[in-house]
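Whole structure, please, built from the sequences with the hints as guidance.
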Amino acid sequence: MIIPEYGPLSTGQEFESPKHLSTTDLGAGNLGSISAGDLTPAQLQELILDAASEQYNLPATNRFRCVDGCLPDAGLEVLPGYADPGMAGGIHISDTAGELLSGIDLETPISERIAENTHFLTKNGLIVVTHGDDHTEEGGCGANKELKNSMGYLSDENNGKIVGSVVGIVANGLGLSDHLKGDDFEKMRKNAYLAFSNEKIWDTTPEENVSISVENGAEYERLIRPHNEKLALVSLGPTAFNQQDYSRDHPLDSGLSAQAFSESLGVYARWRMENSHIYGDTKMRDTALGILAVVTFNVVIPKLLTAENKGNGEALPVVVMGNS
74 MIIPEYGPLS TGQEFESPKH LSTTDLGAGN LGSISAGDLT PAQLQELILD AASEQYNLPA
134 TNRFRCVDGC LPDAGLEVLP GYADPGMAGG IHISDTAGEL LSGIDLETPI SERIAENTHF
194 LTKNGLIVVT HGDDHTEEGG CGANKELKNS MGYLSDENNG KIVGSVVGIV ANGLGLSDHL
254 KGDDFEKMRK NAYLAFSNEK IWDTTPEENV SISVENGAEY ERLIRPHNEK LALVSLGPTA
314 FNQQDYSRDH PLDSGLSAQA FSESLGVYAR WRMENSHIYG DTKMRDTALG ILAVVTFNVV
374 IPKLLTAENK GNGEALPVVV MGNS
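Be aware that the sequence shown starts at 74, since it is given in my numbering, and climbs by one per residue.
Pairwise CB distance ranges, derived in the manner of DEER restraints:
(1) S238 to Y79: 34 to 42 angstroms
(2) P324 to S250: 34 to 42 angstroms
(3) D123 to P299: 20 to 28 angstroms
(4) K383 to S83: 43 to 51 angstroms
(5) Y79 to Q128: 18 to 26 angstroms
(6) I351 to G110: 41 to 49 angstroms
(7) E347 to S238: 25 to 33 angstroms
(8) S250 to D123: 28 to 36 angstroms
(9) G110 to T181: 39 to 47 angstroms
(10) D322 to P299: 17 to 25 angstroms
Treat the hints as calculated values from the structure; they're not laboratory data.
Even glycine gets a Cβ: it sits at the ideal position worked out from N, Cα and C.
Listed below in C-alpha coordinates is the structure:
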(Lines of atoms letter the chains of each structure in order from A and count residues from 1; the text may use other names and numbers.)
(Lines give C-alpha, C1' and ligand atoms only; values in the text may rest on other atoms or scores of the structure.)
Protein backbone atom coordinates (compact mmCIF):
# COMPACT_ATOMS: atom_id res chain seq x y z
CA MET A 1 0.00 0.00 0.00
CA ILE A 2 1.30 3.44 -0.94
CA ILE A 3 1.53 5.92 1.96
CA PRO A 4 2.53 9.42 0.75
CA GLU A 5 4.77 11.57 2.93
CA TYR A 6 2.97 14.44 4.64
CA GLY A 7 4.15 17.88 3.57
CA PRO A 8 3.41 21.06 1.58
CA LEU A 9 1.35 20.67 -1.58
CA SER A 10 2.91 21.80 -4.83
CA THR A 11 0.33 23.55 -7.02
CA GLY A 12 2.73 25.25 -9.42
CA GLN A 13 2.14 28.69 -7.89
CA GLU A 14 3.79 30.73 -5.20
CA PHE A 15 1.66 31.42 -2.15
CA GLU A 16 -0.22 34.72 -2.09
CA SER A 17 -2.14 36.08 0.87
CA PRO A 18 -5.85 35.70 0.11
CA LYS A 19 -8.42 38.46 -0.16
CA HIS A 20 -12.04 38.45 1.00
CA LEU A 21 -13.91 38.72 -2.30
CA SER A 22 -17.57 38.42 -1.30
CA THR A 23 -20.10 37.07 1.15
CA THR A 24 -23.50 35.65 0.25
CA ASP A 25 -25.73 32.88 1.55
CA LEU A 26 -26.53 29.48 0.13
CA GLY A 27 -29.89 30.61 -1.21
CA ALA A 28 -33.25 28.88 -1.36
CA GLY A 29 -33.89 25.17 -1.53
CA ASN A 30 -31.62 23.98 1.28
CA LEU A 31 -32.73 20.74 2.92
CA GLY A 32 -30.50 20.42 6.00
CA SER A 33 -30.55 21.54 9.61
CA ILE A 34 -27.15 23.13 10.29
CA SER A 35 -28.03 26.76 10.99
CA ALA A 36 -26.58 30.14 11.90
CA GLY A 37 -29.97 31.32 13.19
CA ASP A 38 -28.91 31.31 16.85
CA LEU A 39 -26.45 34.19 16.31
CA THR A 40 -27.08 37.91 16.10
CA PRO A 41 -26.03 39.68 12.87
CA ALA A 42 -23.16 41.32 14.77
CA GLN A 43 -21.89 37.98 16.09
CA LEU A 44 -22.07 36.44 12.65
CA GLN A 45 -20.28 39.39 11.05
CA GLU A 46 -17.42 39.04 13.52
CA LEU A 47 -17.09 35.35 12.68
CA ILE A 48 -17.06 36.16 8.95
CA LEU A 49 -14.38 38.85 9.25
CA ASP A 50 -12.16 36.61 11.35
CA ALA A 51 -12.61 33.66 8.99
CA ALA A 52 -11.52 35.87 6.09
CA SER A 53 -8.32 36.99 7.82
CA GLU A 54 -4.81 35.90 6.87
CA GLN A 55 -4.46 34.30 10.30
CA TYR A 56 -6.56 31.28 9.30
CA ASN A 57 -5.99 31.10 5.52
CA LEU A 58 -2.66 29.40 4.98
CA PRO A 59 -0.63 27.48 2.39
CA ALA A 60 -1.99 23.98 1.82
CA THR A 61 -0.57 20.60 2.71
CA ASN A 62 -1.05 17.47 0.60
CA ARG A 63 -3.50 16.01 3.15
CA PHE A 64 -7.08 16.40 1.87
CA ARG A 65 -9.75 16.16 4.58
CA CYS A 66 -13.51 16.62 4.36
CA VAL A 67 -15.07 20.09 4.59
CA ASP A 68 -16.60 19.14 7.96
CA GLY A 69 -15.99 21.64 10.75
CA CYS A 70 -15.91 18.95 13.45
CA LEU A 71 -12.51 17.74 14.60
CA PRO A 72 -11.02 14.49 15.93
CA ASP A 73 -11.06 14.08 19.71
CA ALA A 74 -7.27 14.34 19.89
CA GLY A 75 -7.20 17.31 17.51
CA LEU A 76 -5.23 17.64 14.30
CA GLU A 77 -1.48 17.49 13.95
CA VAL A 78 -0.95 19.99 11.15
CA LEU A 79 2.33 21.09 9.59
CA PRO A 80 3.24 24.41 11.29
CA GLY A 81 2.34 27.38 9.13
CA TYR A 82 0.09 25.28 6.88
CA ALA A 83 -3.49 23.97 6.82
CA ASP A 84 -5.05 20.82 5.39
CA PRO A 85 -7.32 21.48 2.38
CA GLY A 86 -10.97 20.41 2.46
CA MET A 87 -13.22 18.85 -0.20
CA ALA A 88 -16.75 17.49 0.25
CA GLY A 89 -16.41 13.94 1.54
CA GLY A 90 -12.66 14.13 0.98
CA ILE A 91 -11.00 14.45 -2.40
CA HIS A 92 -11.75 10.82 -3.33
CA ILE A 93 -15.52 11.27 -2.83
CA SER A 94 -15.46 14.60 -4.69
CA ASP A 95 -13.60 13.00 -7.59
CA THR A 96 -16.07 10.10 -7.61
CA ALA A 97 -19.00 12.53 -7.82
CA GLY A 98 -17.15 14.47 -10.49
CA GLU A 99 -16.87 11.35 -12.64
CA LEU A 100 -20.61 10.76 -12.39
CA LEU A 101 -21.43 14.35 -13.33
CA SER A 102 -19.00 14.13 -16.23
CA GLY A 103 -20.77 11.02 -17.52
CA ILE A 104 -17.65 8.85 -17.28
CA ASP A 105 -18.76 5.21 -17.65
CA LEU A 106 -22.05 5.47 -15.78
CA GLU A 107 -22.19 1.66 -15.45
CA THR A 108 -19.16 1.43 -13.10
CA PRO A 109 -20.28 0.63 -9.51
CA ILE A 110 -19.51 3.10 -6.74
CA SER A 111 -17.43 0.49 -4.93
CA GLU A 112 -15.02 0.27 -7.86
CA ARG A 113 -14.89 4.03 -8.36
CA ILE A 114 -14.01 4.78 -4.73
CA ALA A 115 -11.36 2.04 -4.64
CA GLU A 116 -9.78 3.23 -7.88
CA ASN A 117 -9.90 6.93 -7.01
CA THR A 118 -8.43 6.46 -3.54
CA HIS A 119 -5.59 4.34 -4.90
CA PHE A 120 -5.02 6.78 -7.79
CA LEU A 121 -4.78 9.83 -5.53
CA THR A 122 -2.47 8.24 -2.97
CA LYS A 123 -0.27 6.87 -5.78
CA ASN A 124 0.10 10.44 -6.99
CA GLY A 125 1.25 11.89 -3.70
CA LEU A 126 -1.91 12.96 -1.87
CA ILE A 127 -2.95 11.86 1.59
CA VAL A 128 -6.64 10.93 1.34
CA VAL A 129 -8.71 11.26 4.51
CA THR A 130 -12.09 9.62 5.05
CA HIS A 131 -14.09 10.03 8.23
CA GLY A 132 -16.94 9.00 10.48
CA ASP A 133 -18.00 10.44 13.83
CA ASP A 134 -18.83 9.54 17.40
CA HIS A 135 -22.58 9.31 16.66
CA THR A 136 -22.82 6.98 13.67
CA GLU A 137 -19.17 5.86 13.38
CA GLU A 138 -18.24 5.06 9.76
CA GLY A 139 -21.58 6.43 8.52
CA GLY A 140 -20.90 9.91 9.89
CA CYS A 141 -19.80 11.82 6.78
CA GLY A 142 -22.67 13.81 5.30
CA ALA A 143 -21.13 14.14 1.83
CA ASN A 144 -20.43 10.41 1.68
CA LYS A 145 -23.95 9.63 2.88
CA GLU A 146 -25.56 12.09 0.44
CA LEU A 147 -23.56 11.07 -2.64
CA LYS A 148 -26.55 9.50 -4.39
CA ASN A 149 -29.03 12.12 -3.17
CA SER A 150 -26.78 14.88 -4.48
CA MET A 151 -27.35 13.52 -7.98
CA GLY A 152 -31.13 13.51 -7.50
CA TYR A 153 -31.11 16.99 -6.01
CA LEU A 154 -29.13 18.43 -8.91
CA SER A 155 -31.33 16.81 -11.54
CA ASP A 156 -34.31 18.87 -10.32
CA GLU A 157 -34.72 21.92 -12.57
CA ASN A 158 -35.34 24.48 -9.82
CA ASN A 159 -32.45 23.22 -7.70
CA GLY A 160 -30.28 23.20 -10.80
CA LYS A 161 -30.90 26.90 -11.41
CA ILE A 162 -29.85 27.84 -7.88
CA VAL A 163 -26.77 25.61 -7.93
CA GLY A 164 -25.83 26.74 -11.44
CA SER A 165 -25.70 30.40 -10.47
CA VAL A 166 -23.21 29.65 -7.68
CA VAL A 167 -21.18 27.25 -9.82
CA GLY A 168 -20.88 29.95 -12.49
CA ILE A 169 -19.43 32.42 -9.98
CA VAL A 170 -16.91 29.86 -8.74
CA ALA A 171 -15.95 28.76 -12.26
CA ASN A 172 -15.32 32.37 -13.24
CA GLY A 173 -13.26 32.95 -10.11
CA LEU A 174 -11.12 29.92 -10.91
CA GLY A 175 -10.47 31.14 -14.45
CA LEU A 176 -12.37 28.30 -16.12
CA SER A 177 -14.99 30.27 -18.05
CA ASP A 178 -12.98 30.71 -21.26
CA HIS A 179 -12.75 26.92 -21.57
CA LEU A 180 -16.43 26.15 -20.96
CA LYS A 181 -19.54 26.21 -23.14
CA GLY A 182 -23.03 27.40 -22.28
CA ASP A 183 -24.58 23.94 -22.08
CA ASP A 184 -21.85 22.23 -20.02
CA PHE A 185 -23.70 22.57 -16.72
CA GLU A 186 -26.97 21.27 -18.19
CA LYS A 187 -25.14 18.21 -19.52
CA MET A 188 -23.89 17.57 -16.00
CA ARG A 189 -27.43 17.83 -14.67
CA LYS A 190 -28.54 15.20 -17.19
CA ASN A 191 -25.66 12.96 -16.15
CA ALA A 192 -26.72 13.44 -12.52
CA TYR A 193 -30.19 12.13 -13.40
CA LEU A 194 -28.76 9.14 -15.26
CA ALA A 195 -26.48 8.29 -12.35
CA PHE A 196 -29.23 8.74 -9.75
CA SER A 197 -31.62 6.55 -11.74
CA ASN A 198 -29.20 3.68 -12.34
CA GLU A 199 -29.72 1.56 -9.22
CA LYS A 200 -27.11 -0.98 -10.36
CA ILE A 201 -24.19 1.33 -9.63
CA TRP A 202 -25.23 2.13 -6.04
CA ASP A 203 -23.79 -1.03 -4.53
CA THR A 204 -22.41 0.29 -1.22
CA THR A 205 -23.45 1.82 2.09
CA PRO A 206 -21.64 4.90 3.46
CA GLU A 207 -19.90 2.59 5.94
CA GLU A 208 -18.66 0.39 3.11
CA ASN A 209 -17.38 3.44 1.25
CA VAL A 210 -15.21 4.25 4.25
CA SER A 211 -13.90 0.68 4.49
CA ILE A 212 -13.09 0.60 0.77
CA SER A 213 -11.25 3.91 1.08
CA VAL A 214 -9.14 2.70 4.00
CA GLU A 215 -8.36 -0.58 2.24
CA ASN A 216 -6.99 1.45 -0.66
CA GLY A 217 -4.77 3.78 1.33
CA ALA A 218 -6.97 6.41 2.98
CA GLU A 219 -6.56 7.58 6.56
CA TYR A 220 -9.61 7.33 8.84
CA GLU A 221 -10.66 10.11 11.24
CA ARG A 222 -13.32 9.78 13.92
CA LEU A 223 -14.76 13.26 14.39
CA ILE A 224 -16.50 14.52 17.52
CA ARG A 225 -19.92 16.11 17.12
CA PRO A 226 -22.08 18.18 17.48
CA HIS A 227 -21.98 20.16 14.27
CA ASN A 228 -21.75 23.88 14.96
CA GLU A 229 -20.74 25.32 11.58
CA LYS A 230 -21.81 28.96 11.27
CA LEU A 231 -20.38 29.71 7.82
CA ALA A 232 -18.93 28.07 4.73
CA LEU A 233 -15.54 29.33 3.60
CA VAL A 234 -14.82 28.80 -0.10
CA SER A 235 -11.24 29.47 -1.14
CA LEU A 236 -10.57 30.10 -4.84
CA GLY A 237 -6.90 30.84 -4.19
CA PRO A 238 -4.04 28.51 -3.22
CA THR A 239 -5.06 28.51 0.46
CA ALA A 240 -6.54 26.14 3.00
CA PHE A 241 -8.43 27.07 6.16
CA ASN A 242 -7.12 26.34 9.65
CA GLN A 243 -10.34 24.95 11.11
CA GLN A 244 -8.76 23.84 14.37
CA ASP A 245 -7.35 27.22 15.41
CA TYR A 246 -10.47 29.04 14.20
CA SER A 247 -12.75 26.85 16.31
CA ARG A 248 -10.47 27.16 19.35
CA ASP A 249 -10.43 30.94 19.08
CA HIS A 250 -14.22 31.38 18.76
CA PRO A 251 -16.17 30.06 21.78
CA LEU A 252 -19.86 30.93 21.73
CA ASP A 253 -22.41 31.68 24.46
CA SER A 254 -23.90 28.22 23.89
CA GLY A 255 -20.77 26.64 25.37
CA LEU A 256 -19.75 25.30 21.97
CA SER A 257 -17.13 26.74 19.65
CA ALA A 258 -17.95 28.11 16.22
CA GLN A 259 -17.01 25.88 13.30
CA ALA A 260 -16.76 26.50 9.57
CA PHE A 261 -17.18 24.32 6.51
CA SER A 262 -14.04 24.76 4.43
CA GLU A 263 -13.87 24.09 0.67
CA SER A 264 -10.39 24.46 -0.84
CA LEU A 265 -11.57 24.64 -4.45
CA GLY A 266 -8.66 26.79 -5.57
CA VAL A 267 -6.13 24.30 -4.17
CA TYR A 268 -7.90 21.44 -5.91
CA ALA A 269 -8.18 23.31 -9.22
CA ARG A 270 -4.50 24.27 -9.23
CA TRP A 271 -3.37 20.76 -8.32
CA ARG A 272 -5.55 19.25 -11.03
CA MET A 273 -4.31 21.73 -13.65
CA GLU A 274 -0.70 20.95 -12.77
CA ASN A 275 -1.43 17.22 -12.90
CA SER A 276 -3.90 17.16 -15.80
CA HIS A 277 -1.85 14.50 -17.61
CA ILE A 278 -2.46 11.88 -14.92
CA TYR A 279 -6.22 12.36 -15.39
CA GLY A 280 -5.80 11.69 -19.10
CA ASP A 281 -6.67 15.26 -20.12
CA THR A 282 -5.41 16.25 -23.56
CA LYS A 283 -6.47 19.91 -23.52
CA MET A 284 -7.39 22.60 -21.02
CA ARG A 285 -11.10 22.17 -21.76
CA ASP A 286 -10.92 18.58 -20.46
CA THR A 287 -9.38 19.81 -17.23
CA ALA A 288 -11.87 22.67 -16.88
CA LEU A 289 -14.81 20.27 -17.28
CA GLY A 290 -13.38 17.92 -14.66
CA ILE A 291 -12.93 20.77 -12.18
CA LEU A 292 -16.41 22.13 -12.95
CA ALA A 293 -17.96 18.76 -12.09
CA VAL A 294 -16.16 18.60 -8.74
CA VAL A 295 -17.07 22.21 -7.96
CA THR A 296 -20.72 21.39 -8.68
CA PHE A 297 -20.75 18.55 -6.15
CA ASN A 298 -19.09 20.83 -3.59
CA VAL A 299 -21.86 23.40 -4.08
CA VAL A 300 -24.66 20.83 -3.83
CA ILE A 301 -23.52 19.15 -0.60
CA PRO A 302 -23.87 22.24 1.66
CA LYS A 303 -27.39 22.71 0.28
CA LEU A 304 -28.28 19.21 1.46
CA LEU A 305 -26.75 19.68 4.92
CA THR A 306 -27.52 23.28 5.90
CA ALA A 307 -30.72 25.17 6.69
CA GLU A 308 -32.77 27.29 4.32
CA ASN A 309 -33.24 30.94 5.23
CA LYS A 310 -36.76 31.44 6.59
CA GLY A 311 -36.33 34.98 7.84
CA ASN A 312 -34.21 34.46 10.93
CA GLY A 313 -30.76 34.25 9.40
CA GLU A 314 -30.70 30.46 9.34
CA ALA A 315 -28.75 30.04 6.09
CA LEU A 316 -24.99 29.88 6.52
CA PRO A 317 -23.10 32.77 4.92
CA VAL A 318 -20.67 31.75 2.18
CA VAL A 319 -17.37 33.58 2.52
CA VAL A 320 -15.48 33.56 -0.80
CA MET A 321 -11.70 34.03 -0.67
CA GLY A 322 -9.38 34.51 -3.61
CA ASN A 323 -6.45 36.45 -5.03
CA SER A 324 -8.13 38.78 -7.50
